[in-house]
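Go ahead and model the full structure; you've got the sequences and the hints to work with.
The sequence shown begins at 1 in UniProt numbering and counts up one residue at a time.
Warning: the hint list may mix true and false statements.
Unchecked claim - Dumping the calculated EDC-like pairs for lysine to aspartate or glutamate here, alpha-carbon to alpha-carbon at most 20 angstroms:
id, residue 1, residue 2
1, K19, D2
2, K51, D31
3, K19, E37
Bear in mind the hints are in silico, worked out from the structure with no lab data behind them.
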Amino acid sequence: MDLTLTEHAAFALQRRGIKIEWIEAAILAPDRTENREGKQSFLKCHRERGKMLRVVTRAGNHQHVITV
Numbered sequence: 001m002d003l004t005l006t007e008h009a010a011f012a013l014q015r016r017g018i019k020i021e022w023i024e025a026a027i028l029a030p031d032r033t034e035n036r037e038g039k040q041s042f043l044k045c046h047r048e049r050g051k052m053l054r055v056v057t058r059a060g061n062h063q064h065v066i067t068v
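Structure (structure tokens):
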């Protein structure tokens with residue numbers, strides 16, 4: 001998957017130790033999605049970390065990641 005990350009998303013990815021594969025998995029097979037204000041959130045449970053990952057993209061372009 002060819003993703004484009006905003007500066008904010010790239011910083012959050014590095015700071016939180018999030019793998020790009022986790023972002024792709026959340027977008028391709030989310031546990032839940034939410035739509036709001038022109039943005040779409042993909043939520044994926046990561047049991048190995050005991051956390052829920054939220055990937056926020058533009059509603060019409062899921063490859064443009066705004067934040068994680």
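Do the hints match the structure? See the list:
no.	hint	verdict
1	K19 x D2	14 angstroms, holds
2	K51 x D31	13 angstroms, holds
3	K19 x E37	27 angstroms, violated
Comparing the model with each earlier hint shows a violation of hint 3 alone; every other hint is respected.
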